[in-house]
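Undergrad: Here is how the chains run, residue by residue.
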Amino acid sequence: MHFLPQRDGQRIPSSDITPRDVYDSRRDWLKTAGALGLTGLGLSGTVQAQTAGPGKLAKLPGAKSAVPGGFALEKLTSYQDATTYNNFYEFGTDKSDPAKNAHTLKTRPWTVAIEGECAKPGRYGIEDLLKLAPMEERIYRLRCVEGWSMVVPWVGYSLSELLKKAEPTGKAKYVEFTTLADKAQMSGVRSGVLDWPYIEGLRMDEAMHPLALLAFGMYGEVLPNQNGAPLRLVVPWKYGFKSAKSIVRIRFLEQQPVSSWTKAAQQEYGFYSNVNPKVDHPRWSQASERRIGEDGLFAKKRPTLMFNGYEPQVGQLYAGMDLKKNY
Amino acid sequence: MTSHAPAAAGRAAPASKARRHPLLHPAAKAVLFALCLGPLAWLVWRAFAGTLGANPAEAMIRGLGDWAMRLLWITLAITPLRQWTGQPTLARFRRMLGLFAFFYASLHLLAYGWLDMGLDLADIGRDIVKRPFILMGFAAWVLLVPLAATSFNRAIKALGAKRWQVLHRLVYVISVVGLMHFIWMRAGKNNFAEPAVYGGILAVLLGWRVWKKVKG
Numbered sequence: 001m002h003f004l005p006q007r008d009g010q011r012i013p014s015s016d017i018t019p020r021d022v023y024d025s026r027r028d029w030l031k032t033a034g035a036l037g038l039t040g041l042g043l044s045g046t047v048q049a050q051t052a053g054p055g056k057l058a059k060l061p062g063a064k065s066a067v068p069g070g071f072a073l074e075k076l077t078s079y080q081d082a083t084t085y086n087n088f089y090e091f092g093t094d095k096s097d098p099a100k101n102a103h104t105l106k107t108r109p110w111t112v113a114i115e116g117e118c119a120k121p122g123r124y125g126i127e128d129l130l131k132l133a134p135m136e137e138r139i140y141r142l143r144c145v146e147g148w149s150m151v152v153p154w155v156g157y158s159l160s161e162l163l164k165k166a167e168p169t170g171k172a173k174y175v176e177f178t179t180l181a182d183k184a185q186m187s188g189v190r191s192g193v194l195d196w197p198y199i200e201g202l203r204m205d206e207a208m209h210p211l212a213l214l215a216f217g218m219y220g221e222v223l224p225n226q227n228g229a230p231l232r233l234v235v236p237w238k239y240g241f242k243s244a245k246s247i248v249r250i251r252f253l254e255q256q257p258v259s260s261w262t263k264a265a266q267q268e269y270g271f272y273s274n275v276n277p278k279v280d281h282p283r284w285s286q287a288s289e290r291r292i293g294e295d296g297l298f299a300k301k302r303p304t305l306m307f308n309g310y311e312p313q314v315g316q317l318y319a320g321m322d323l324k325k326n327y
Numbered sequence: 001m002t003s004h005a006p007a008a009a010g011r012a013a014p015a016s017k018a019r020r021h022p023l024l025h026p027a028a029k030a031v032l033f034a035l036c037l038g039p040l041a042w043l044v045w046r047a048f049a050g051t052l053g054a055n056p057a058e059a060m061i062r063g064l065g066d067w068a069m070r071l072l073w074i075t076l077a078i079t080p081l082r083q084w085t086g087q088p089t090l091a092r093f094r095r096m097l098g099l100f101a102f103f104y105a106s107l108h109l110l111a112y113g114w115l116d117m118g119l120d121l122a123d124i125g126r127d128i129v130k131r132p133f134i135l136m137g138f139a140a141w142v143l144l145v146p147l148a149a150t151s152f153n154r155a156i157k158a159l160g161a162k163r164w165q166v167l168h169r170l171v172y173v174i175s176v177v178g179l180m181h182f183i184w185m186r187a188g189k190n191n192f193a194e195p196a197v198y199g200g201i202l203a204v205l206l207g208w209r210v211w212k213k214v215k216g
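Which chain is which? The protein sequence lines are G and U, in order. Read in UniProt numbering, the first sequence has 127 at position 127, and its numbers run on one by one without any break. Read in UniProt numbering, the second sequence has 86 at position 86, and its numbers run on one by one without any break.
If we strip away everything but chain U, and leave its shape as in the complex, we get (with noise of 0.2 Å):
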């Protein structure tokens, strides 16, 4: 299944097609780049600016874990969206969603362990056995760093691509524990609108993938 391999198809277009497709653009990627550092600028900004709101450190933590989601669900939209518009060309921006998606969940469990735990490594790891929806979240932080590990090409050479591949569709997993996360953190107030919309997005997502295996 070439749709789970890197992207690279991109590179190889010739010049002249690049005019005539904006996502074979040169600067793409750059815009792309830009583009997804933008929640974090604006989160920094609105900390700065003390616009954060009366809990700073908890919209700083929250507003970071939605990136991660959004991010993490734009990644597993490509490949659905490559086929539904036949852009293959998309495929060359998945690596990039995928680690923007890494980054957010890694400021987002910074963010937790300095602003609401103040760094205490024994505080945290208690709240991390005590608490499930801090677990699960930990859980699918975990599992994203073997992906992140592995995304430069030179470790789909060193791994071959088969076990690249199946390391990679842990992607799967993580999201429906991330997705646990959010459920489980919002179980607490009986409030699960915003899990629901992830839920029907992720449920489509993963859903279509199951259908496409179904039918061949």
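With the rest of the complex left out, here is chain G (with noise of 0.2 Å):
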């Protein structure tokens, strides 16, 4: 079945992929059995047993995500290929990379700085921010600016129950987030690709969103470390590049930050980048994407839904927006 961990380096045959009806029904079936209440007589098990990694990392359980949203109902991407296929430019410009660089980045002992515009800053370990909120599991889709797209099953909680402990002041508008940038154990970072360190943003209401995750783990395992270990931001209507990952620094500020992206290249990156299949990147047009691990060499791309099918849970953040400007 193609949720269990996959044979180092091999494909599943394509005899074992569950059919789509078969595994819709089968969801059909867990929901029904959530609403009848069966699942709190041990048959949550079977989501969980359903979003099993390999097992090589330490486990990270989570609870279903009660979240409007937070579980979609679509075939996961493998292990392999949502672990393979990065975009993690501390760790090399190509896709293969961060899978081959990124054993040499240390996630123990961890600390996040909480700065800015708020009444406690601090720092937090990465044990404190373990325990800070029980883990939910979600099942997001994620889209990359590029034109692919997964699904991953992340576990952790969302932004807003660490933001809340900082006690943001009425002066904060926007949250900063700062990636480690350690030449030491980040190959890429001897590259001047970007201006490190790795700075991404949100506005405050958007970190406040429910959906905005942050994460811990994937697949029941802690996060492997070219996924963004020990913990990162997941933004599910957003561009995966403004999901920042192995995080050292969140910044409460009154003006909006400017990330590296948008420095690096204004006109492609905008400070929202939200999924939008109405608004192009210059380069290319974002109406569809390809599902990675899809069917192979031959899978028809799909159309992109808008704000990445979370319109109905985030639409109202930007209402009134002019999408086509705040790009």
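Hints listed in this document are in silico derivations from the structure and should not be mistaken for laboratory results. Be aware that one or more of the hints could be misleading.
Stated by the list, open to error - DSS-like cross-link-like pairs, simulated, lysine-lysine; straight-line CA separation at most 25 Å:
(1) U:Lys130 <-> G:Lys301
(2) U:Lys189 <-> G:Lys278
(3) G:Lys100 <-> U:Lys189
(4) G:Lys183 <-> U:Lys189
Reconstruct the complex from the two isolated chains, following the hints.
TA: Structural data, given as structure tokens:
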């Protein structure tokens, strides 16, 4: 079955892939079972077993999230694909580089500094952060600005859980995220591809939205280094690069921060970068996307959804805004 | 300039020389032909084995494009290599290499149109107009067509050697347009390491020609 860990370096034969209708009917059954309260009788384990990683990393289970939109009923991307096809420029610019090079990253000890316009700035150790709120499993679509997408079961909790602890002041209009940039541990940081460290930001209301996830794990295990260990952001309605990996600093700001990609190519990577099939990247259409791992070489691309399909949940954040201008 | 005339010099060589010179071996062209098919065989094999990675369509399209460019660069390297190494017989391989560059460029275009665009001609048309890097790639391929179409001996006679030569100097323009296609594609992610390598090699290959011309 396609959710099970893959044999190293091998593709699952198509005969092993559950047909879509069988898969959907099982999902329906699970939903029904959930509605009937059966999941409380030990059946919830089924959900967790579906999203298991290969068992090489520490387990990090999460309870099924109740956040609206937090549990996409779609076929998961294989763990193999989700951990070997990555953009994480600190470890190289090829998609296969992070998986090759990220083993040099040390994720313990790890602290995250909370700074800026807040009543309670401070430093959190990763152990404190792991205990700060209950772990939830969320299945999100992930859409990269390059035109491909995945479906990943993340484990973590809403970013707002952490932000609230810092008690942001009325002046806090934006939140800025800074990624680790250590030449000794990250081979890609020696290149001048971006102005390190990697900076990303969100508007305060975006950051407080329950779907904005602070993720510590995926597929029931802690994050692999190449996916942003030990903690990263996942903002499912925005292009992937908005979700900073291996975060070391979170800062509340009065002014809109300048993200690394905006700095590198302002006309191409705006501050908002909401997934939007109607607003093309200057050099390519965003109307469709390739789902990674789906049906191999001759798979058709699928249409991209407004806000990556999270419009019912986040659409109101942008009411009245010109999303062509605020791309 | 004989360096631009089609390569047939090797055929006239005496048999005794053929034994001494591996480049004149009767099987040399067949070996080169097989070598040139190698990258395609490797890509197709990996596609069947499922080892093209998480995005096999992208790997296929890029792999074919890489080899189109590499073979074009190798073709352009024949003349300088011939002079540097004092091996005039190298010229007999140039046409095949150039045709293989065209072959891989065509497969690259086909793979893009099919795997990326689902063979939707209207979509492809819009994409070419909208995306400068696609336009560049398409232009490079279009410019290669008349060269490939006039690559046989009778075409030289029909065109006249002089006009044929002028036409085939388009290859310099094509190589620059092809490189721009590559640079522009990578500019999206600010990643110029590979285009810099190809650009550097092309600068040497074309710079050498300019230098020769200036020196007379």
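Undergrad: All hints, please: hold or fail.
TA: Hint by hint, here is what the structure shows:
1. U:Lys130 <-> G:Lys301: 19 Å, holds
2. U:Lys189 <-> G:Lys278: Holds, at about 21 Å.
3. G:Lys100 <-> U:Lys189: It holds: about 20 Å lies between the C-alpha atoms, which stays within 25 Å.
4. G:Lys183 <-> U:Lys189: 20 Å, holds
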